[in-house]
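Colleague: Take a look at the letters that make up each chain.
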Amino acid sequence: MRKSIILYLNGKMIELGESDSFMSLSNYLRYQKNLTGTKVTCSEGDCGACTVLVSRFDGKKMGQIQAINSCISFMYLFDRCHLITVEGLKKLDHLHPAQKTMIKHHGAQCGYCTPGMICALAAMTEDAKNNVIKIDNKKVKNYLTGNLCRCTGYEPIIKAGLSIDINDVKKFSDIYDQKEMISKYSNLIFDDVKLSHKDQEVYLPASYESLYKNADIKNTKIVSGATDLGVFVNKNKIQLKKVISLNNILESYKIQNLDDKIVIGAKASLTDIEKACKKDFPEFSKSLHIFASPQIKNIGTLVGNLVNASPISDTAAFLRVSNSKVILNNSKTERSIFINDFFLKSYKKLDINSDEIVTHIIIPKEKIKFKLYKISTRKDLDISSVNMAIAYKLDNKIFTSFKLCVGGVGPTTLRLTSIEKEVIGKAIDQKIFKKIAKMAILQIKPLSDVRGEGSYRKILVHNLLLKFCDEVILDNKINVNEISI
Amino acid sequence: MSVGSNIKHDSSYGHVTGESIFVDDREATNSEVFVGIVGSPVACGKLISIDASAALKHKSCVGVYSASDFCSKKWGTIFKDQPIIVEDNIGYMGEPLCIFASTNRYDIEHIKTLFKFKIDKASPVFSISDSVAKNNIIYSSPSAFVQGDVEKVFKSATNILEGTFICGGQDHFYMESQACIAYPMENGQIEVHSSTQNPSETQRVVAEALGLSLHHVVCVVKRMGGAFGGKESQAAPIAAYAAVVAKKLKKPARLILTKDEDMIITGKRHPFENDYKVAFDNEGKINGFKIILKSDAGAYSDLSSSILERSMLHADGAYYLKNVYIQGLAYKTNNHSNTAYRGFGAPQGNMTIESVIEDIACFLKKDAFEIRRLNIYQKDNIKTPYNQNIENNMLPDIFDQLHKSSDYKNRLVEINNFNKQKNGKIKGISFTATKFGIAFTSRFLNQGSAIVNVQLDGSVQVSTGATEMGQGVNTKIQQVVSSAFGIPVNNVQIMTTSTEKNHNTSPTAASAGFDINGSAAIKACNKIKSRLCELAKLIFENTTENNKKNTFTEFEVNNKDLDLDFIFKDNLVTQTSTKKEISFKKLVFKAYNNRISIGEYSFYKTPEIGFCKNTVKGKAFNYFTQGAVVTEVLIDEYTGEMKVMKSDILMDLGRPINPDIDKGQVTGAFIQGMGWVTTERLFYDTDGNLISHSPTTYKIPNIQDIPRVFNVDFLLNKNKIKNIYGSKAVGEPPFLLGLSAWTAVKHALSYRSNGKPVNITSPVTGEVILNKLTDLKNGN
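Going down the list, the protein sequences come from chains A and B. Numbered by our numbering, the letters in the first sequence go through residues 1 to 485 in order. Numbered by our numbering, the letters in the second sequence go through residues 1001 to 1780 in order.
Treat the hints as calculated values from the structure; they're not laboratory data. Ideal Cβ positions, reconstructed from N, Cα and C, are used throughout, including at glycine. Hints are not guaranteed to be accurate.
[As the list claims (entries may be wrong)] Taking lysine-lysine and the BS3-like style, the derived pairs with C-alpha atoms no more than 27 Å apart in a straight line are:
1) K235(A) <-> K1059(B)
2) K1059(B) <-> K198(A)
3) K1059(B) <-> K286(A)
4) K1425(B) <-> K438(A)
5) K12(A) <-> K184(A)
6) K1059(B) <-> K139(A)
7) K371(A) <-> K1777(B)
[Claimed, not checked] Here are some chain B residues pointing at chain A (derived, C-beta under 7 Å):
8) S1011
9) H1015
10) G1018
11) M1175
12) E1176
13) E1767
[Said to hold, decoys possible] Some chain B residues well away from chain A (every beta-carbon gap over 12 Å; in silico):
14) A1067
15) P1096
16) F1117
17) L1249
18) D1281
19) N1389
20) Q1461
21) M1495
22) S1498
23) K1527
24) N1594
25) C1612
26) E1641
27) N1771
Isolated chain A (complex conformation) (with noise of 0.2 Å):
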């Protein structure tokens, strides 16, 4: 059982004992190596300041490096990666390109968010050079989805962005040495880990049998990607005690794109998933594209937001409808239930006993459409006001399937069944949806809170289902003399 963490920052390996391993790795760079460039602005990975980059080792060789939130990220995330930071980017007054452009095209203000703004640029320079990606505008975008600026109203940023030389741009794994990262951490993959400090537990196991061999699940908060708990650890409403993170566990990455299913691992991050779901699920995966900065995606993960029961959830509607199950494991059984059945009828409440842990996602590749809404106040980088799934089959202009589940007007996501009824062996008509729409809202108890009155709640369920119907009937080209609204 190793006791401390070992990681790489800007080239150089860190061994961090048991106090340090605990820290936010923001207060961490500021703090305790006054690597004072990453900045921290709202504590809850919502605005980019704190961006860093970071490259995971995954059994062969380093990752590619993606951009996170330093802010609600604890250190004992990072054992066997390297961390990139702002002051990294620089070598030997060798500018990066992005630190160049965003000179020149007076892409820093008052600088505040700047270096999340490069390390976010590096990110996506490095997925040109690896990928051999044009960079235009709605990549630049895309990338930047995660970083507020106050200042310059974004566009001498993007100028920055689409003006760097990606032929002036070395790979990290040319920068950095990589050959010794790879083998000191070859030599630590079925290295369990376990620290603590002062009431502060952390295990690492190397493997989900070590895990279920070792761990005491039943009283331990099981950690992912901890978009959400270090947030609330930042915002004091958690202590973090006991804890078990899977971020050893080389095979909970895995996605598998199989014939009839995609069998999605526990730590695989949304990212990765958007990418896998592009073909079978672009529905989903669009919504995906959506649904949280960069920065959340890399390292935040879909079993993470499914457990996690918000009802709000923008995926837990979706998995709702596509007869998606959960695998659920303790360390005798597997068992696997639809996610429509995960959840139970009260706030964040969910078929899950103390000692399994959810391994994994499988989504059914089946003949059935999708529509997936989010309404927000913000179209990018919110939390929807309301959110709706449709999976839906039509054979010759007739619903032989319908499953709605909607988020957002209720203690949970909630799926309309007597609604499904309504639809389903009827033949797609104007009438029918604007008599449902009316159903629906009765159905529906939406609070009124910062994101909006339950009113206008209402009013965008109700208009949601007239737009889906317009939409399905200009997808399948049917005449009509009007739409809906």
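Following the hints, put chain B in place on chain A, whose structure we already have.
Modeller: Frame of chain A, contents of chain B only:
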């Protein structure tokens, strides 16, 4: 010459490498303590007692301080009515009740939870209308702005519209929250490193809180991570907290607010409710306009009076009002004390008339642009409602040029057709303008100072009262100084702002930071240059032979006026008439050897201005910065979701010192303004708790929200502009253009309102749009 070129921001290298130092980036010393603020759990009431026993038992807590530990009890830039820390009466939710010090920065959040308070609760007032009902006026303008006779016009008017325009507040959301470190120095002195736009105010409030004379307090400002007005007055009490702890414990004390805490404690842009009445003819010509501006000042007066005044001064927008009546009232509520925010009241005044014009267009079934074009200030020498003559008026040029370049006419036709199709989407387009008055309306603030020190190697250090918050004031000063001496910008370093070098600094605000401090710097340069010219002349006149004979001769200069025969360019000082030249560096060295000063302090005051609010006479503004925008929006009729599709901006910035820096100010201000009127909604619960106190719940625009097509152009203005190098201030004016997203939504909705003016509030979130669309559909 570097003036007029796109010189890089003087801190840009540090910004992109992370080497720039902000307050909390200063490494903590061993003995340093960390300060936490404990806020009130009620919005209104009386503090009876504080139980800090549990906090004091905490292992890292080394002190708790409350009102009795402060030598002064109240502060306020204009009226001293705000408690530095609550003494008895509580004015708003989260108002600081006490502070504490801890030796561990990570314990701060926990220690905050250990306090208990005994409070007599009272019933709070949160809305302007409730405060109006109770007549809780905190300030009213001493005189209305009146021209002509509106009441008479209303009696015989062809058309009249009246109503109430309502807009919400806005959080500054500077990326760097309020921050200060106070260092105890020798002889009882205190040095505060503060993220403040207003070093001298911070110095004063700290001195008063500590019972010190001003000469014992120094306020140092390296830079701010954004401010936007939020650090004009409000940085001062934060600095006082740190300073009190530093003085009590004789240790450096650091106070860094979290974003949540910052948003809860600090004031914001003022919400307004403006009652208006407008008379107009069938062409849309406004014959009479009456407006009563009512603002939510929050719990204390802060800068509310000046903000209200500027709001009144911009109630005319870009439009000539022959018969007009403008009055303003600021109301006390139990909200955080609202404060300066980019635009300083002008947006709320300007937006009302832009909204009214949109309504007139809807009422007359005419194109709103035509009505605006008809009503703008058409020429020079016509009077504003506050008796200032409009000079150097570029509005007609701006309107006509932008109307053409944006292809407004054809796009409006296209939009008319699009909206007839009924495909679940509606478009709207709006052309709005800004005519922003430059100068502090308090005359005494229009002063600045600069110290220019030429070093022996010919490099130059400049210190002014300006503070850098990203706007590029330092870069512009660097440019004018380097141009003055004819040396590269890299040879000029703008030094950290500090009240021991530049005292009685005005806040870096009102868009005038560069105008005032840059002018002072130029004045200082010119005084040094005049001495150098005199010396050069003497050197050139004395032959080498003479010098050899009498090496002990010392040249003397008499501080004459700047000799225009000399040119400072390309590191050389050249006498035009003789073509003789000497390198700047050599001349500087000779000046030193001849005991001639190569440093200078200079003072500048903006000439000819001074507005009396009692008599509504005198010149309020030095000049106006003008501009216009055309913004197009697309709305989803099912969901109320809105996208800004295109914005074309045309600004008159005279001759910009640094066009790229100015462009960055325009895009930044526009998006901030757009955020204010679209997604940035402050949401409170019924007790007065701000629920939207972090980016998860308070949505400023992100990179995907900016107009899909976004063009910014500058007008070529050949007129003589009475400002440094013919430039114009840029910080605030384009903020007002952001509201075009709101008027464009109004325009879009008018396609579904059966010709009736559409009454909406600001911000117009998707929720507001969908509710309005639903109401309109239901015939309301």
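Colleague: For every hint, state whether the structure bears it out.
Modeller: The hints, checked one at a time:
no.: 1; hint: K235(A) <-> K1059(B); in the structure: 21 Å, holds
no.: 2; hint: K1059(B) <-> K198(A); in the structure: 15 Å, holds
no.: 3; hint: K1059(B) <-> K286(A); in the structure: 51 Å, violated
no.: 4; hint: K1425(B) <-> K438(A); in the structure: 22 Å, holds
no.: 5; hint: K12(A) <-> K184(A); in the structure: 12 Å, holds
no.: 6; hint: K1059(B) <-> K139(A); in the structure: 50 Å, violated
no.: 7; hint: K371(A) <-> K1777(B); in the structure: 26 Å, holds
no.: 8; hint: S1011; in the structure: 6 Å, holds
no.: 9; hint: H1015; in the structure: 3 Å, holds
no.: 10; hint: G1018; in the structure: 2 Å, holds
no.: 11; hint: M1175; in the structure: 4 Å, holds
no.: 12; hint: E1176; in the structure: 5 Å, holds
no.: 13; hint: E1767; in the structure: 5 Å, holds
no.: 14; hint: A1067; in the structure: 26 Å, holds
no.: 15; hint: P1096; in the structure: 18 Å, holds
no.: 16; hint: F1117; in the structure: 18 Å, holds
no.: 17; hint: L1249; in the structure: 20 Å, holds
no.: 18; hint: D1281; in the structure: 38 Å, holds
no.: 19; hint: N1389; in the structure: 33 Å, holds
no.: 20; hint: Q1461; in the structure: 21 Å, holds
no.: 21; hint: M1495; in the structure: 17 Å, holds
no.: 22; hint: S1498; in the structure: 19 Å, holds
no.: 23; hint: K1527; in the structure: 32 Å, holds
no.: 24; hint: N1594; in the structure: 40 Å, holds
no.: 25; hint: C1612; in the structure: 36 Å, holds
no.: 26; hint: E1641; in the structure: 7 Å, violated
no.: 27; hint: N1771; in the structure: 6 Å, violated
The structure is inconsistent with the numbered hints 3, 6, 26 and 27, although it conforms to all the rest.
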